[in-house]
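One line per chain: the protein sequences are A and B, in this order. Under the numbering used here, the first residue of the first sequence is numbered 1, with each subsequent residue one higher. Under the numbering used here, the first residue of the second sequence is numbered 214, with each subsequent residue one higher.
Treat the hints as calculated values from the structure; they're not laboratory data. Virtual Cβ for every residue (Gly too), placed ideally from N, Cα, C. Take these hints with a grain of salt, some might be off.
Calculated lysine to any residue pairs in the SDA-like style (CA-CA distance at most 25 Å, straight line) [claimed, not checked]: (1) A:K182 <-> B:T269; (2) A:K19 <-> B:T347; (3) A:K182 <-> B:E270; (4) A:K182 <-> B:D391; (5) A:K98 <-> A:D122; (6) A:K98 <-> B:E394; (7) A:K182 <-> A:Q119; (8) A:K98 <-> A:A193; (9) A:K19 <-> B:R344; (10) A:K182 <-> B:V219; (11) A:K182 <-> B:T347; (12) A:K182 <-> B:H352; (13) A:K182 <-> B:G282; (14) A:K182 <-> B:E394.
Simulated restraints on C-beta separations [unchecked claim]: (15) A:V66 <-> B:H352: 48 to 58 Å; (16) B:G335 <-> A:R62: 27 to 37 Å; (17) B:D234 <-> A:R62: 52 to 62 Å.
Here's the letter readout for the chains.
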Amino acid sequence: MVVLIHVANVLYVISYLVKDILWLRLLTVVAGSVLLAYYVLLPVPLWAAIGWNIIFLAINLRQIHVLLLERRPVRLSPEELRLHQLAFRSLTQREFAKLLRIAHWEDVAADQRFVTKGQALDRIMVIADGRARVEIAGAPGVELRPGCFVGEMSYLTGQTPNADVVAAEKTRLASWPQTELKTYLGRDAELRAIVQMAIGEDLIAKLGYSRAA
Amino acid sequence: MPTPRVGTPVDRSIADTRVLDASGASVAVGTFWANGPCLVVLLRHFGCVGCAEQMTELAPRLGDLAHAGVRTVLVGNGSREQLADFIERHALRGAPVEVVTDPPLALYAALELRRSTWATIGPRALVEIARAMTAGHPHRPTEGDRTQQGGVLLVDGRGIVRFFHSNRSLGDHADTSDLVEAALRLRIEASVSAAVRV
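Okay, chain B solo, but in the shape it has when bound (with noise of 0.2 Å):
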């Protein structure tokens, strides 16, 4: 299974794998994009202080990536509790966000993303566990897998990948004003007025 380079297809082995909604039920990956762009962000696990980090950069933002036109959805790797408990303390009831929840890791595989303990407890991991937690971001218990370390997808509504991020370690996360800078360009691209562009 390759790696996602920007600028080419999603492996059909990427867009096959199955996640579970909040309901139970299981999705194909492949259906997030199959109406417009999507951004898939894979989280850590639920409970991981660096995610936490990176939702309370990323949750404001939500907006802005919807009125951009795309889809965002979080995919953790616990259970559909702790799915809703990570719904409920990072208040995204409402938000134009979908939570899923990917316990054999298969999405996280498919993309070859980092699973490593160096990555979750390295000098570098200890680091950005300090700057999280200085933030004001609790520690909580591992709520998923211990060692996988997250990533992010862009896919546009062609199933053309425009932005991947592989985390380096458990803190590392894309900047989220990237997200939106390459939500931006998409939404441009994909506009009918594309014909006018100062």
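If we strip away everything but chain A, and leave its shape as in the complex, we get (with noise of 0.2 Å):
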């Protein structure tokens, strides 16, 4: 019996060497397991070590769990793998698809407004497909096209839109509502980053476009 102890812990200074916290997880669950055994085989069993055991193998598992369920490949369909090459490119496709969680696909008819100016802007937009045009009296149009954000001026100032958004064409987009988008970004920092980045980009690709114009 005393062998299980001696089994059990070059089982753990086996998973004291390896980096990957997977292995390092999955090797303590078996040692853990061995000890257990070994606990239970006693004549008089230690329940007091054999109920701590069970809480390390349950926590254990749990995040073993969760690893593997982060590890699973990302798989895009097709308009997300274009909505990703188009506007979101420094996101890894895991980050993308964690952004979609919360997004949601809009399709807008031709000469359908979808942003009114003056009128509180609740979302954020991407073109994925299509093509859209500013609307402002006065001022040139601007014209919008694929992977160009809508809304993301009223999404960093508060304000909102002084100026009419219309589909030119039958368009799709992908919109995440502002508030909750927020809340999201605002619990991973990383991420936060990379997607004020492509804003960033485009914002200011647009504003030097219309400077220009």
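Mind docking these for me? Both chains are given alone in their own frames, and the hints should help you get the complex.
Below you can see the structure in the form of structure tokens.
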């Protein structure tokens, strides 16, 4: 029976030598199970040690489950892949998949206005397919193509748009509710920084274009 | 000297404060925002482990700040040699940022930034040191004032305070994404095309 203690501790030694946290936890679970068997098989079982080992096993099994979920390959639909390439290339596909969890898809008919001057905008959008134009009286219209953000200025400033945006043709948009997106990004500093870079690049290009026009 | 308040003009006593640039020339802080918005980041000191952590976040975003039209100035309080080492250590040569130093702590005092032993070695600071060191930032000797805390001041081209943060402790600092967001807001406002805002 003492051999069980040696087997368990050899497994613990190996677990301390591996760098991958998943392997560390797997080896710890096996080692803990062997140790558990030893405690149970004693003439007088060590119930306190058995109880603690069961808790350790439960925690490790839960974390192994989480790690396995995180390591699953990401599968994006062709439409999602295209959007990733158009506007979120700096994000890994896994990060982008996270962002898509709170995204909605919208279809807008040609000539339909989907941003109205003076009306609060509760979402930020990216054109996935089609074209739109920014319309403001007395100013040249700006054409928005796939990959362009819509509503990012309102998202950043909290102000209402002072221009209309109209679909120039049948247009498909991915949209994120502003509040939900802010809350979501507030929990992940790295993701927030990368999304902000994507928005910033688009914004600066757009402002530069408007200035040139 | 009043603590800067967002939306109000920078106090004259702050704008008139002088710091030393990398060549040792004395420069009035107010000149930083004379030609446009400026982000002034005050470091605890050049060797601070919390500041190293902050620089790791800030350095990749310096380009974003520059694209948004914001000049970034880092202020330490060590010697010129320590300033030069800091630039090398953080690979800032050629980056869109200037580094200056304020050994008498005049700007820190003008902004009423904390100077406290508790903020440097108190429980919160110890946790922050551990966090920074486990993230790979080595502990270095003090290169400036030991108990001075840092902060951030964002001023627009009209001399109005747009963002201010006084660090509570060694590892506390303003979120870099908040700074970039504030810079982008300034860019939107300043743009000729501010008339088009969607």
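Tested hints:
1. For the hint pairing K182 (chain A) with T269 (chain B), the CA-to-CA distance comes to about 23 Å; that is within 25 Å, so the pair holds.
2. Straight-line distance between C-alpha atoms of K19 (chain A) and T347 (chain B) comes to about 15 Å, which keeps the hinted pair within the 25 Å bound.
3. Of the supplied pair hints, the one linking K182 (chain A) and E270 (chain B) holds, its CA atoms being roughly 19 Å apart against a limit of 25 Å.
4. Distance check on the hinted pair: K182 (chain A) and D391 (chain B) sit about 12 Å apart at the alpha-carbon level, within 25 Å; holds.
5. Of the pairs offered as hints, the one joining K98 (chain A) and D122 (chain A) holds, with about 20 Å between alpha carbons and a cut-off of 25 Å not exceeded.
6. The straight-line distance between the Cα atoms of K98 (chain A) and E394 (chain B) is roughly 22 Å, inside the 25 Å bound, and the hint therefore holds.
7. A C-alpha spacing of about 20 Å is found between K182 (chain A) and Q119 (chain A), which places the hinted pair at or below 25 Å, so the restraint holds.
8. The hinted pair formed by K98 (chain A) and A193 (chain A) meets the criterion: a straight-line CA distance of about 14 Å does not exceed 25 Å.
9. Between K19 (chain A) and R344 (chain B), the direct Cα distance comes to roughly 20 Å. Compliance with the 25 Å bound is thereby established for this hinted pair.
10. Only pairs whose Cα atoms come within 25 Å are accepted, and K182 (chain A) paired with V219 (chain B) is accepted, the gap being roughly 22 Å.
11. A hinted pair counts as satisfied when its Cα atoms are at most 25 Å apart, and K182 (chain A) with T347 (chain B) does not qualify at roughly 28 Å.
12. For the proposed pair K182 (chain A) and H352 (chain B), the alpha carbon gap of about 34 Å is over 25 Å, so the pair is violated.
13. With a C-alpha separation of about 24 Å, the suggested pair K182 (chain A) and G282 (chain B) falls inside the 25 Å cut-off, and the hint holds.
14. For the suggested pair K182 (chain A) and E394 (chain B), the alpha carbons sit about 12 Å apart, so the restraint of at most 25 Å is met.
15. Remark: the range hint 48 to 58 Å for V66 (chain A) to H352 (chain B) is contradicted by a beta-carbon distance near 32 Å.
16. The hinted range of 27 to 37 Å is satisfied by G335 (chain B) and R62 (chain A), whose Cβ atoms lie roughly 35 Å apart.
17. Distance hint for D234 (chain B) and R62 (chain A): a CB-CB separation of about 55 Å, consistent with the stated range 52 to 62 Å.
The structure fails to meet hints 11, 12, 15 from the earlier list, while all remaining hints are met.
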